[in-house]
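> The chain contents come next:
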Amino acid sequence: MTHVNANRSKIKKYRACAVQKTAQALQESFPEDRMGESLFLKDPHRLLEDWLSAGWRVIAPLLRDGALVPDILHDPEELPRGVTDRQSPGSYRLEPGASTRWFEAVVGPQGWKRWLHPPERKLWSARRDAAGFEVTPEAEEWPATIFFAVRPCDLAAIARQQEVFRRAGDPAYAARRAATRIVAVNCGRSAETCFCASMQTGPRAQAGYDLALTEIADGLLLEIGSEDGTALLDARALPAATDAQVREAARLIEAAAASQTRAMPPDIAERLTEVADSPRWEQVASRCLHCTNCTAVCPTCFCTDVTDRTSLDGAMAERWQRWDSCFSPDFSYLHGGPLRRRAAARYRQWMTHKLSNWHTQFGSSGCTGCGRCITWCPVGIDLVAEARALAKGE
Amino acid sequence: MIEPIRIPSALLPRRFRVVVNCPELSDVSTLSILPLDGTQTSGKPGQFNMLYAFGVGEIAISISGNPADTDTLLHTIRNVGAVSGALCGLREGAMLGLRGPFGTPWPVEAQAGRDLVIIAGGLGLAPLRPAILQALSMRSALRSLSLVVGARSPSQILYPAQLADWAGSGALRISLTVDRATPGWTGMVGVVTTRLERALEGCDPANVSAFVCGPEVMMRHSCQALEDLGVPAACQWISMERNMKCAVGSCGHCQFGPDFVCRDGPVFRWDRIGARLRIREI
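So the protein sequences, as listed, match chains A and B. Heads up: the first sequence is residues 1 to 394, going by this note's numbering. Heads up: the second sequence is residues 1 to 282, going by this note's numbering.
Source of the hints: derived by calculation from the structure; they are not laboratory data. Careful, some of the hints might be misleading.
To be verified - Here are the in silico distance ranges between beta carbons for each label pair:
| id | chain 1 | residue 1 | chain 2 | residue 2 | range |
| --- | --- | --- | --- | --- | --- |
| 1 | B | Ala110 | A | Gly314 | 23 to 29 angstroms |
| 2 | A | Gly314 | B | Arg143 | 53 to 59 angstroms |
| 3 | B | Val217 | A | Glu282 | 22 to 28 angstroms |
| 4 | A | Arg309 | B | Val20 | 27 to 33 angstroms |
| 5 | B | Glu3 | A | Pro96 | 38 to 44 angstroms |
| 6 | A | His74 | B | Arg278 | 17 to 23 angstroms |
Claimed, not checked - Chain A residues, not near chain B, derived (Cβ > 10 angstroms throughout):
| id | residue |
| --- | --- |
| 7 | Phe40 |
| 8 | Asp243 |
| 9 | Thr307 |
A virtual CB, placed ideally from N, CA and C, is assigned to each residue, including glycine.
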């Protein structure tokens with residue numbers, strides 16, 4: 001509680017300071033002129049409070065069932081502080097971290113997929129009538145939303161999923177994305193399972209954010225990435241970060257990259273096209289439980305099934321789209337049975353699609369190096385280790 | 001501050017009505033359907049539509065009518081599951097949903113000047129019928145046109161009356177063969193590959209183009225046999241079948257290596273995918 005009170009008094013002080021800024025100072029530091037410049041922010045509370053009171057729906061990684069999960073934030077106090085994570089193949093634990101740090105823990109089990117590409121989505125409904133049936137489109141509303149604290153790997157994942165649905169001509173994803181502002185957080189620390197550096201997606205956010213934060217010893221560095229980001233700060237006077245602070249942030253991000261022990265083989269996309277018959281697939285399948293966890297936590301996995309739900313009297317029918325997984329045998333159902341009967345074939349499908357075929361289909365890798373499939377695999381299958389073994393022809 | 005937005009709908013069907021439900025074989029029907037909104041869907045030979053049976057579900061069905069007849073839309077459906085069963089059971093006047101057309105067509109027009117061989121196995125004749133009809137409409141532009149049809153047994157031959165008409169017209173050479181003969185069958189017995197040499201008679205293999213549709217194993221062997229006879233792999237096309245849910249390349253079900261069968265297919269050139277068809281459970 002004292003911790004919370006201390007925070008509140010800090011916010012008050014900060015506000016009082018900001019109000020005292022003169023008009024001239026405001027003009028000098030007007031964010032429109034400050035794209036690309038690094039600003040300094042003591043803590044994120046004031047921004048969050050302003051956005052909430054302006055009516056934005058703010059979604060941020062919050063503590064849920066012992067994990068960090070993007071969920072709706074109602075009060076800036078809900079933002080966890082002093083939490084870090086320990087991740088390894090098959091294991092995820094939140095632990096107390098440096099008490100002053102907001103963003104020490106990196107990615108939790110869920111990315112932003114469950115918001116932009118929801119696990120279940122009613123497509124439309126139909127009602128039986130004398131003429132046959134009437135189709136009613138589903139009326140889904142998306143409030144003006146801010147995704148707060150999006151990691152660079154997840155920022156890349158959002159862009160990659162958006163490309164899937166753009167090519168499919170499904171406008172829903174792009175519509176949700178267009179009404180969403182993104183505040184990225186550059187990573188100053190990597191989990192053991194992170195390998196974004198080898199996928200060129202992090203630990204610094206490259207594109208697609210409106211604002212980006214980097215946590216340094218005494219606060220946060222803030223960069224504006226778009227005009228929408230400028231508007232989010234609307235004429236707020238923020239001091240410029242000092243050169244020393246900018247250097248510190250860069251150093252932390254570089255150190256986070258350097259600390260990553262896993263690296264995807266750079267030629268994996270080509271190599272996987274040559275190893276369809278490798279015995280390694282049977283070997284990894286003998287460990288795999290086909291639980292579909294990896295596809296559920298993967299921030300780019302997009303596959304869905306569509307099913308009908310009917311009322312008991314048969315008068316109403318609804319079409320529902322829901323996440324599906326290429327690990328479930330029925331995924332490839334054709335003519336009375338699954339086409340990919342062997343688990344080895346299903347594992348090969350997942351990995352080959354993700355790391356190789358995605359390039360052909362969508363012009364990039366389907367993997368962003370977030371490491372979730374490694375952390376959340378109940379038997380600790382390590383995608384990078386499997387990829388390396390296959391690339392070496394093992 | 002930005003206003004809440006309405007998320008646009010996706011995968012909405014248009015409503016159609018059954019004009020005729022014509023039984024073809026014991027478990028196969030052809031639906032002739034008309035749109036309620038008055039705008040008939042045109043599709044190219046080889047393309048497919050997603051047909052929806054109220055409360056049951058949606059499946060991919062090839063267009064099987066004459067592409068020149070833009071008023072009539074035909075789909076030939078085999079009753080093999082819940083949705084196909086419901087569709088086959090639709091009576092005259094019943095309503096169904098439709099999305100489409102989707103997918104790549106048979107490149108019929110591009111075969112001008114060539115010897116076109118069309119090879120159908122079983123229900124594979126249904127997605128090929130629009131291609132045959134289009135080929136007949138430009139018959140004089142083709143050097144020759146032949147059709148090889150294989151079926152499990154004589155009673156499983158699709159569109160027998162139309163095949164007889166075509167044979168009578170003399171516009172194309174037809175070769176029929178069945179896997180198992182029944183009493184009264186005086187035609188050929190054997191798989192379609194045994195008929196290919198005959199179908200290519202009088203043609204320079206380098207000038208032959210082939211459209212093949214049927215069970216995967218039949219297509220694989222047919223294309224290989226054609227290659228062995230000297231028909232270039234780049235002049236052969238097959239139509240693939242996979243589980244399809246969305247038909248727009250976003251549900252992931254129909255992936256066949258790097259291709260989405262719904263979007264990059266169903267009609268593929270053989271040299272692009274032949275090697276892939278030999279990979280088990282791809």
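> Given a hinted range of 53 to 59 angstroms, is it respected by the beta-carbon distance of Gly314 of chain A and Arg143 of chain B?
holds, 55 angstroms
> Using the Cβ atoms, figure out if Ala110 of chain B sits within 23 to 29 angstroms of Gly314 of chain A.
violated, 48 angstroms
> Within 22 to 28 angstroms: is that where the Cβ-Cβ distance between Val217 of chain B and Glu282 of chain A falls?
Between Val217 of chain B and Glu282 of chain A, where Cβ atoms are some 24 angstroms apart, the hint holds.
> Between Arg309 of chain A and Val20 of chain B, does the beta-carbon spacing fit 27 to 33 angstroms?
holds, 31 angstroms
> Test the statement that Asp243 of chain A is away from the interface with chain B: the closest C-beta pair must be farther apart than 10 angstroms.
holds, 35 angstroms
> With d taken as the least Cβ-Cβ distance between Phe40 of chain A and chain B, does d exceed 10 angstroms?
The claim holds: Phe40 of chain A sits with its nearest Cβ about 25 angstroms from chain B, beyond 10 angstroms.
> Taking the shortest Cβ-to-Cβ distance between Thr307 of chain A and chain B, state whether it exceeds 10 angstroms.
violated, 7 angstroms
> Indicate whether the distance between the beta carbons of His74 of chain A and Arg278 of chain B respects the range 17 to 23 angstroms.
violated, 57 angstroms
> Quick check: does the Cβ-Cβ distance between Glu3 of chain B and Pro96 of chain A fall within 38 to 44 angstroms?
holds, 41 angstroms
The structure does not agree with the numbered hints 1, 6 and 9 stated previously, though it agrees with the rest.
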